[in-house]
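Student: Chain by chain, the residues run as shown.
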Amino acid sequence: METDFTPWMSLGGGVLIGLSAILLMIFNGRIAGMTGIVTGIIPPISTDWAWRIAFLAGAVLAPVAFLAVGGTIPYAVPVSLPLLALGGLIVGVGVYYGAGCTSGHGVCGMARLSPRSIAATVTFMIFTGLTVYVVRHIAGI
Amino acid sequence: MQKLIFSALSGAIFGLGIAISGMANPAKVLNFFDVAGTWDPSLIFVMGGALITTAIGYVLVFRARKQPVFDAAFHLPVNKTIDARLLAGSAVFGIGWGIAGFCPGGAIPALGFGGVPVIAFVGAMIVGIVLARSLDGLRHKPAKAF
Chain A
1 METDFTPWMS
11 LGGGVLIGLS
21 AILLMIFNGR
31 IAGMTGIVTG
41 IIPPISTDWA
51 WRIAFLAGAV
61 LAPVAFLAVG
71 GTIPYAVPVS
81 LPLLALGGLI
91 VGVGVYYGAG
101 CTSGHGVCGM
111 ARLSPRSIAA
121 TVTFMIFTGL
131 TVYVVRHIAG
141 I
Chain B
1 MQKLIFSALS
11 GAIFGLGIAI
21 SGMANPAKVL
31 NFFDVAGTWD
41 PSLIFVMGGA
51 LITTAIGYVL
61 VFRARKQPVF
71 DAAFHLPVNK
81 TIDARLLAGS
91 AVFGIGWGIA
101 GFCPGGAIPA
111 LGFGGVPVIA
121 FVGAMIVGIV
131 LARSLDGLRH
141 KPAKAF
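Protein chains in written order, with our numbering: chain A, 1 to 141; chain B, 1 to 146.
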């Protein structure tokens, strides 16, 4: 499935992700990493759950509000439900042991020049690329 | 209370950024990695924009302030060791991301508009985290602050 090349929207979205990370750091002193934020509200729940819920509520509601005022969000899922569930399970295990994902390691950690985050990001980018190649061009799914 | 308001605001900007950037769109994410097929390089601009903005912002924040506005200290990861656990976990995450096209930060903001596919992904992801945490023997310890 082809998708349109959207450099400006993607750059704008990326800058917003960066602004979000800066705000969460200067006001709350926290890394805007989705793995860490979500893991803290999965039992046993972290004592500082409230700011996590607030962040997640904002993250879920903002796109809905954007759609409600007439914005468009391109969205297509060329993956079957069983593979989405399998992928989700694998992602959950991976981000737990890897202690972060694209937002925590790829953006916040890389921005701090953290060697761990750089190593993690290079690793998952390579494995994601290899997996997509295997799924699409070898398995032919 | 102010802490929660600014956290929600930060979350809202994150969610909007993810949504308009294309990170919440598995078709686009998978195409970014499909260099040998229907390649869409857009996500370079997401990563680049987010990374440069955050890097400059963090330098300014840490230069200007000894502590955040609403907390006593910055909560930054202290672990500096690149170990097998980090690399294996990241490799496994990459495999899952390549299968599903969603990463955690891409999926959560899609929960409000993405229907059954993203709900299935996030549900399974939570099961995966719970499973890993149980195997890791952290079941009875307080959650780690990442």
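These are calculated hints, taken from the structure and not from any lab test. Beta carbons are placed, not taken as given, at the ideal position from N, Cα and C, and that holds for glycine. There could be a bad hint or two in this list.
If the Cβ cut is set under 7 Å, some of the chain A residues that face chain B in the computed set are [what the hints assert, rightly or not]: (1) GLY14; (2) MET25; (3) SER80.
So the derived label-pair ranges between C-beta atoms look like this [claimed, not checked]: (4) A:VAL69 - B:ILE82: 40 to 48 Å; (5) A:PRO43 - B:MET1: 22 to 30 Å; (6) B:SER134 - A:LEU83: 23 to 31 Å; (7) A:PRO44 - B:GLY37: 26 to 34 Å; (8) A:GLY71 - B:SER134: 37 to 45 Å; (9) B:GLY115 - A:LEU113: 21 to 29 Å; (10) B:ALA36 - A:ILE45: 41 to 49 Å; (11) B:LYS66 - A:ASP48: 17 to 25 Å; (12) A:GLY140 - B:ALA64: 52 to 60 Å.
Student: Does each hint fit the structure? Answer for all of them.
Tutor: Checked hints:
1. The beta carbon of A:GLY14 comes within 3 Å of a beta carbon in chain B, closer than 7 Å, and the hint placing it at the interface holds.
2. With its C-beta approaching chain B no nearer than about 5 Å, A:MET25 sits inside the 7 Å limit, and its interface hint holds.
3. With 7 Å as the threshold, the beta carbon of A:SER80 stays out of range of chain B, its nearest partner Cβ sitting at about 9 Å, so the hint is violated.
4. As the Cβ distance of A:VAL69 to B:ILE82 is approximately 44 Å, the hint placing it in 40 to 48 Å holds.
5. For the pair A:PRO43 and B:MET1, the supplied restraint of 22 to 30 Å holds, since their beta-carbon distance comes to about 25 Å.
6. Between B:SER134 and A:LEU83, the C-beta spacing of about 24 Å keeps the proposed range 23 to 31 Å intact.
7. At roughly 43 Å, the beta-carbon separation of A:PRO44 and B:GLY37 lies outside the given 26 to 34 Å, and the hint is violated.
8. The given range of 37 to 45 Å is respected by A:GLY71 and B:SER134, whose C-beta atoms sit roughly 40 Å from each other.
9. Under the hint 21 to 29 Å, the C-beta atoms of B:GLY115 and A:LEU113, about 39 Å apart, miss the expected range.
10. Range check, B:ALA36 to A:ILE45: Cβ separation about 43 Å, and the 41 to 49 Å hint holds.
11. The beta-carbon spacing between B:LYS66 and A:ASP48, approximately 20 Å, falls within the hinted interval of 17 to 25 Å.
12. At about 53 Å, the beta-carbon gap between A:GLY140 and B:ALA64 stays in the expected band of 52 to 60 Å.
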